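Enquirer: Sequence:
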Amino acid sequence: MATPVEEMIWIGIGLLGQALFSMRFIIQWIVSEKKRDSVIPIAFWYFSIGGGLVMLSYAIWRADPVFILGQSTGLFIYLRNLYFILKRRRAELEVPDPTTD
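Per the working numbering, the sequence shown starts with residue 3, numbered consecutively.
Worth flagging that the hints you see were computed from the coordinates, not collected in a lab. Hints are not guaranteed to be accurate.
[Unchecked claim] Derived CB-CB ranges, DEER-like: (1) Lys36 x Arg90: 32 to 42 Å; (2) Ile15 x Arg90: 32 to 42 Å; (3) Asp66 x Asp39: 31 to 41 Å; (4) Val97 x Trp63: 45 to 55 Å; (5) Ile62 x Ile42: 23 to 33 Å; (6) Lys36 x Pro100: 13 to 23 Å; (7) Pro67 x Ala93: 32 to 42 Å.
As the structure is a computational prediction, the values presented were derived from the model and not from experiment. Using N, Cα and C, we set each Cβ at its ideal position, and we do this for glycine too.
Whenever a hint applies, use it, and build me the whole structure from the sequences.
Expert: This is the structure in structure tokens:
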């Protein structure tokens, strides 16, 4: 059984995770408003991963299988999206070798 101090620390961690997770939508909203278009900036995925990891830690501490499954699945999706974005950016930066044509 957790002590009251330990319980409060973990509740703080859970709230921090939720705050990080919520920031992704605030950033997405701000960027979309500036561009006057629906945009998902790369920061959205970083906040998704950060918030998801912290929330997963909290879910594991709470031993909540539903919460653990949901956060684990979400983390996989966020990491996969970030992988695709970074892969595309690297490909865009590559300069073709003119001697291979």
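Enquirer: None of the hints should be skipped; say for each whether it holds.
Expert: Verification of the supplied hints:
1. Lys36 x Arg90: 32 to 42 Å: violated (22 Å)
2. Ile15 x Arg90: 32 to 42 Å: holds (34 Å)
3. Asp66 x Asp39: 31 to 41 Å: holds (37 Å)
4. Val97 x Trp63: 45 to 55 Å: Given a distance of about 48 Å, which is inside 45 to 55 Å, the answer is holds.
5. Ile62 x Ile42: 23 to 33 Å: holds (28 Å)
6. Lys36 x Pro100: 13 to 23 Å: About 39 Å separates the Cβ atoms of Lys36 and Pro100, which means 13 to 23 Å is violated.
7. Pro67 x Ala93: 32 to 42 Å: Cβ of Pro67 to Cβ of Ala93: about 39 Å, so the range 32 to 42 Å holds.
Figure legend: structure checked against the earlier numbered hints; hints not met, in rising order: 1 and 6.
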